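A.B. asks: For reference, the chains in residue letters:
There are 2 protein chains.
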Amino acid sequence: MIYTAILGHGTVGSGVAEILIKHNKHVSEKVHDDISVKYILELRDFSNLSYAAKFTKDFEKIINDNDVKIVAEVMGGISPAYDFVKRCLMSGKSVVSSNKELVAAKGAELLEIAAKNNVNFLFEASVGGGIPILRPIAQCLAANDINTITGILNGTTNYILNKMIVDGMDFATALSLAKEKGFAEKDPTADIEGHDACRKICILASLAFGKHVYPEQVKTEGISKVTLEDVSYADKFNCAIKLIARAKRLPNGKICADVSPRLVGKNNILSSVDGVFNAIVVRGDATGDVMFYGKGAGKMPTASAVVADIIDCAKHLHARKYFYWQDGESDYVVDENSKERLYVLLKSSDFKSLVDSFNNAFPENTWNIKNEYSGEIAFITDEDFEDKIFAKIKKIKYDSFKYMKALI
Amino acid sequence: MIYTAILGHGTVGSGVAEILIKHNKHVSEKVHDDISVKYILELRDFSNLSYAAKFTKDFEKIINDNDVKIVAEVMGGISPAYDFVKRCLMSGKSVVSSNKELVAAKGAELLEIAAKNNVNFLFEASVGGGIPILRPIAQCLAANDINTITGILNGTTNYILNKMIVDGMDFATALSLAKEKGFAEKDPTADIEGHDACRKICILASLAFGKHVYPEQVKTEGISKVTLEDVSYADKFNCAIKLIARAKRLPNGKICADVSPRLVGKNNILSSVDGVFNAIVVRGDATGDVMFYGKGAGKMPTASAVVADIIDCAKHLHARKYFYWQDGESDYVVDENSKERLYVLLKSSDFKSLVDSFNNAFPENTWNIKNEYSGEIAFITDEDFEDKIFAKIKKIKYDSFKYMKALI
Numbered sequence: 001m002i003y004t005a006i007l008g009h010g011t012v013g014s015g016v017a018e019i020l021i022k023h024n025k026h027v028s029e030k031v032h033d034d035i036s037v038k039y040i041l042e043l044r045d046f047s048n049l050s051y052a053a054k055f056t057k058d059f060e061k062i063i064n065d066n067d068v069k070i071v072a073e074v075m076g077g078i079s080p081a082y083d084f085v086k087r088c089l090m091s092g093k094s095v096v097s098s099n100k101e102l103v104a105a106k107g108a109e110l111l112e113i114a115a116k117n118n119v120n121f122l123f124e125a126s127v128g129g130g131i132p133i134l135r136p137i138a139q140c141l142a143a144n145d146i147n148t149i150t151g152i153l154n155g156t157t158n159y160i161l162n163k164m165i166v167d168g169m170d171f172a173t174a175l176s177l178a179k180e181k182g183f184a185e186k187d188p189t190a191d192i193e194g195h196d197a198c199r200k201i202c203i204l205a206s207l208a209f210g211k212h213v214y215p216e217q218v219k220t221e222g223i224s225k226v227t228l229e230d231v232s233y234a235d236k237f238n239c240a241i242k243l244i245a246r247a248k249r250l251p252n253g254k255i256c257a258d259v260s261p262r263l264v265g266k267n268n269i270l271s272s273v274d275g276v277f278n279a280i281v282v283r284g285d286a287t288g289d290v291m292f293y294g295k296g297a298g299k300m301p302t303a304s305a306v307v308a309d310i311i312d313c314a315k316h317l318h319a320r321k322y323f324y325w326q327d328g329e330s331d332y333v334v335d336e337n338s339k340e341r342l343y344v345l346l347k348s349s350d351f352k353s354l355v356d357s358f359n360n361a362f363p364e365n366t367w368n369i370k371n372e373y374s375g376e377i378a379f380i381t382d383e384d385f386e387d388k389i390f391a392k393i394k395k396i397k398y399d400s401f402k403y404m405k406a407l408i
Numbered sequence: 001m002i003y004t005a006i007l008g009h010g011t012v013g014s015g016v017a018e019i020l021i022k023h024n025k026h027v028s029e030k031v032h033d034d035i036s037v038k039y040i041l042e043l044r045d046f047s048n049l050s051y052a053a054k055f056t057k058d059f060e061k062i063i064n065d066n067d068v069k070i071v072a073e074v075m076g077g078i079s080p081a082y083d084f085v086k087r088c089l090m091s092g093k094s095v096v097s098s099n100k101e102l103v104a105a106k107g108a109e110l111l112e113i114a115a116k117n118n119v120n121f122l123f124e125a126s127v128g129g130g131i132p133i134l135r136p137i138a139q140c141l142a143a144n145d146i147n148t149i150t151g152i153l154n155g156t157t158n159y160i161l162n163k164m165i166v167d168g169m170d171f172a173t174a175l176s177l178a179k180e181k182g183f184a185e186k187d188p189t190a191d192i193e194g195h196d197a198c199r200k201i202c203i204l205a206s207l208a209f210g211k212h213v214y215p216e217q218v219k220t221e222g223i224s225k226v227t228l229e230d231v232s233y234a235d236k237f238n239c240a241i242k243l244i245a246r247a248k249r250l251p252n253g254k255i256c257a258d259v260s261p262r263l264v265g266k267n268n269i270l271s272s273v274d275g276v277f278n279a280i281v282v283r284g285d286a287t288g289d290v291m292f293y294g295k296g297a298g299k300m301p302t303a304s305a306v307v308a309d310i311i312d313c314a315k316h317l318h319a320r321k322y323f324y325w326q327d328g329e330s331d332y333v334v335d336e337n338s339k340e341r342l343y344v345l346l347k348s349s350d351f352k353s354l355v356d357s358f359n360n361a362f363p364e365n366t367w368n369i370k371n372e373y374s375g376e377i378a379f380i381t382d383e384d385f386e387d388k389i390f391a392k393i394k395k396i397k398y399d400s401f402k403y404m405k406a407l408i
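If you read the sequences in order, they're chains A and B.
Our numbering applies: residue 1 is where the first sequence begins, and numbers increase by one.
Our numbering applies: residue 1 is where the second sequence begins, and numbers increase by one.
Derived from the structure by calculation, the hints contain no laboratory data.
These numbers come from a predicted model, not from an experiment.
Treat the hints loosely; a few may be bogus.
[As the list claims (entries may be wrong)] The calculated lysine-lysine pairs, modelled on DSSO-like cross-linking and capped at a C-alpha distance of 27 Å, are: (1) A:K254 <-> B:K266; (2) A:K236 <-> B:K266; (3) A:K22 <-> B:K254; (4) B:K248 <-> B:K211; (5) B:K69 <-> B:K38; (6) B:K266 <-> A:K181; (7) A:K352 <-> A:K395; (8) A:K339 <-> A:K299; (9) A:K69 <-> B:K321; (10) B:K347 <-> B:K388; (11) B:K236 <-> A:K236.
Using the sequences and the accompanying hints, generate a full structural model.
C.D. replies: Next up, the structure:
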C-alpha cells in the first residue's frame with residue numbers, strides 16, 4: 001500500500017481526489033500496488049463528501065506521518081505552498097505539483113532539495129495542463145540539443161484573440177465572453193498581461209536548457225493593446241495574431257526569452273491553434289520541430305497529469321527520476337538585440353509625406369498595405385536586428401507608430 | 001562504463017553511431033556514466049571510418065560479451081532482427097529498436113521475454129521517428145482511459161497528397177517527385193499502400209489499449225486510387241485528403257482499426273499537417289484531444305529517438321520500465337459496422353435520373369455538388385452506420401461509384 005496526501009481541494013485538487021478515489025482500481029493497476037489517499041489538506045468545509053473523513057486542516061499531521069510517501073500540491077500560489085513542498089521533500093516524501101507560479105519561482109531550489117533527499121519532485125501539470133511536455137523534453141528528446149521553444153501557452157488569451165479574428169469582436173467584448181464561459185478568471189490580469197505564459201516558458205526553458213530562468217528575467221507583454229485593426233491587417237498579410245512565448249539558446253550559452261503578441265504566418269502550424277488550445281513547438285538539432293498540442297487547462301486534464309506524476313512517483317519510490325536543472329545566474333537571460341521580422345503600423349495626417357518617407361526608408365519593401373483613406377501604412381519588415389529596423393523607422397514622417405513581432 | 005552494441009549501420013544505424021561516438025560527452029553527461037559503443041554488427045565494409053575497429057560480422061561475439069548491457073537493433077525487417085533481439089533479451093541485455101515491422105509483428109512476445117529477464121525493450125523510434133509518442137502515452141497519459149488514436153503516420157504519402165492538393169500534380173507525378181527528393185523508396189509499396197502506417201497504428205493501439213493488435217487484423221487501404229478530382233471536390237467541401245490511421249476502443253473492450261484515405265475538415269488540426277510531417281492525436285477521457293507533431297522519419301530524428309531510449313535504458317539498468325502489453329486474441333480486433341461520414345462520388349451518363357434518384361435517396365442532404373457538365377454528383381453524408389449509407393446509395397441510378405471516409 002502506498003499512501004498519498006493532497007494539499008488543496010480546489011478545481012484541480014478535487015479532480016485529483018476524484019481520480020484517485022473513484023478510479024482507484026485503474027490507478028492501482030498501473031502502479032502494480034495499492035494506492036490510497038490518506039489526507040486532504042483544506043481549510044474549507046467538505047463534510048458532505050463521501051470521503052470527508054480524509055480532510056484535515058492540519059499540515060503537521062501529514063508531515064509527521066511517515067506512511068505518506070507522495071504528496072500532491074495543488075494549492076497554487078507561493079505561500080504557503082513553498083513551505084509545505086520544501087518540508088515534504090526534506091522529510092523524504094516525493095512531491096508532485098501543478099503549481100506553475102511555485103515552480104517558476106522556486107524550481108531549482110526545490111529540485112535540489114529533492115535530489116539531496118533522494119525523492120522526486122515532478123510537475124508535468126504545471127505547463128500545458130494535460131499535454132505531455134516536460135517528460136518528452138527530459139526523456140524523449142534527451143539526445144537532442146534543444147535550440148528554441150515557442151509556445152501558445154495560455155488558453156484564455158488564445159480564445160480571446162480567436163474571437164477577435166473569427167468573429168470580429170473587440171478585445172473588451174471577447175474578454176467578457178471568455179469570463180462568461182469560464183475561460184477567464186474574475187481578475188484576468190495574469191492571463192491577459194502574459195504573466196501566466198511567462199511562468200510556463202520559464203519552466204520549459206529551465207528544463208530544456210538546464211538552468212533556472214526566472215519570470216522577472218523575461219520581457220513580458222500581454223494582448224490588451226491588440227486591436228481589431230491589427231487583426232485585420234494580420235489577416236491581409238496571411239497571418240494570425242497569437243500570444244507567443246519564446247525561449248532561445250544563444251551560441252554563447254545565454255538565453256533570450258520573451259512573451260509577446262506576434263503575427264504568425266498561416267503556413268506555420270501554430271497559426272492553426274485555435275480556441276482554448278495550447279501548443280508548444282520544441283526545436284531540437286536532430287529532430288527539427290516537434291509540436292505538442294491540446295487543452296492547456298481545465299479540471300480533469302490538469303488533474304490527470306497530476307495523477308500521472310503520482311503514478312510515476314509510486315513506480316519509482318526507490319529510484320530517483322533524473323529531472324533536474326541548476327540555479328541560473330542574474331546574467332543568464334539576456335535582453336538580446338535579436339533578429340526579428342516586425343509588423344509596423346504608421347499613421348499620419350499627411351499621407352503623401354508618410355508614403356514618400358516610407359519608400360525612402362524601406363525602398364525594397366514589397367510587403368505593405370498603403371491605406372490613403374485612413375492615412376496608414378502597415379508593413380512587414382525583412383528579418384533584421386531590431387535596432388536597425390527602428391533606426392529606419394525613425395526616418396519616416398509619421399504621427400503615431402505601433403509594432404508587433406512576427407513569426408513568419 | 002556502460003557498453004552498447006549497434007546491430008546495423010544503415011541510415012538510422014550510422015546516425016546512432018554518430019551520436020554515440022561523436023557526441024559521446026553529451027550523452028554520457030545525460031546518463032551520469034560513461035557510455036561506449038563496443039560493437040557494430042554489419043556485413044558491409046566500412047573500413048574507411050574512424051571507428052572501423054568496432055565493426056564485426058559475427059553476432060555471437062556480441063551475444064557472448066557480458067559487458068554489453070544495451071543493444072540497439074536498427075536493421076529493420078523481421079529476419080534476422082527477431083532472432084537477434086530475442087537472444088539479446090534472453091541473455092540479459094536491454095534492447096532498443098527502431099524496427100516497426102518487428103514490433104508490430106512480435107511486440108507482445110518480445111515485451112514478455114524482456115519482463116521475464118528483467119531487462120528493458122524500448123522502441124520509441126518505431127513510430128513517428130523523432131516525435132515523442134510512446135512514452136507520453138505510457139507515462140504522461142497514464143491516468144487517462146484512451147478512447148481513440150488518429151494519425152497521419154506516413155510522411156511519404158502525406159507529401160504526395162500535399163503535392164496533389166497544393167500543386168495539382170497527379171498521383172504518378174507526385175510519386176516520381178517524392179522518389180527524386182528521397183522521400184519515397186525505390187519500391188514505395190509499403191508506404192503507398194498503407195502498410196507502413198498500418199504497422200505504426202498497431203504499435204500505438206497495442207500500447208494504448210493494452211493488447212497486441214496485429215497488422216493483418218487492420219483493414220488497410222493506400223492512396224493510389226486518390227485522384228485529382230477527389231482532391232478538388234475535397235477542397236470544395238473545405239476538406240483536405242489525408243491518409244489516416246485510426247484505432248478505437250469499443251464499449252465492449254474490442255478494438256476497431258483501419259488505415260484509409262479520408263477527407264479531413266479544415267477545422268480539424270490534422271488537415272494542417274503538410275509535407276513529410278506526421279501527427280498523432282490521442283483522445284483521453286480526461287485530457288480530451290492531445291496532438292504530437294513532427295517529422296516522422298529521417299536519419300537524425302530517428303537516430304536521436306534510438307539514443308534517447310539507450311539513455312533511458314542506461315539510467316534504468318537495474319530498474320525495469322513498465323512498458324508492456326499482453327498478446328491479443330484473434331477476435332480482439334473487430335471489423336465493426338461503424339458510424340462514419342462518407343464522401344461519395346457518383347457518375348452517370350443520364351444526369352437527370354442521377355439527380356432525381358439522389359434526391360430521393362438522400363432528401364435531406366445539403367452538402368453536395370451537382371456537376372451537369374461531367375455528369376457527377378459528389379456529396380458528404382451525415383454520420384451513420386456504413387451499411388445504412390450503402391443501402392441508400394444502392395437506390396441511386398449511377399454508372400460508377402466511389403467513396404472515401406471523412407473526418408469532419
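A.B. asks: Quickly compare the C-alpha distance for B:K236 and A:K236 to 27 Å and report which way the hint goes.
C.D. replies: holds, 22 Å
A.B. asks: With a cut-off of 27 Å on the C-alpha distance, tell me whether A:K69 and B:K321 pass.
C.D. replies: holds, 20 Å
A.B. asks: Are B:K248 and B:K211 close enough, with their CA atoms no more than 27 Å apart?
C.D. replies: holds, 13 Å
A.B. asks: Given the proposed pairing of B:K69 with B:K38, does the C-alpha separation stay at or below 27 Å?
C.D. replies: The given pair, whose Cα atoms are some 10 Å apart, holds under the 27 Å limit.
A.B. asks: Within 27 Å, alpha carbon to alpha carbon, are A:K236 and B:K266?
C.D. replies: holds, 20 Å
A.B. asks: Tell me if the straight-line CA distance from A:K339 to A:K299 falls inside 27 Å.
C.D. replies: violated, 39 Å
A.B. asks: Taken at face value, is the distance from the CA of B:K266 to the CA of A:K254 at most 27 Å?
C.D. replies: At roughly 40 Å apart (the allowed maximum being 27 Å), B:K266 and A:K254 break the hint.
A.B. asks: Does B:K266 pair with A:K181 here, judged by a C-alpha cut-off of 27 Å?
C.D. replies: Answer holds: B:K266 to A:K181 is near 25 Å, not above 27 Å.
A.B. asks: Tell me if the straight-line CA distance from A:K22 to B:K254 falls inside 27 Å.
C.D. replies: Status holds; Cα separation ~24 Å.
A.B. asks: Can the restraint linking A:K352 and A:K395 be considered satisfied, given a maximum Cα separation of 27 Å?
C.D. replies: Holds, because 15 Å separates the two Cα atoms, which is no more than 27 Å.
A.B. asks: Holds or violated: are the alpha carbons of B:K347 and B:K388 at most 27 Å from each other?
C.D. replies: holds, 21 Å
Figure legend: structure checked against the earlier numbered hints; hints not met, in rising order: 1 and 8.
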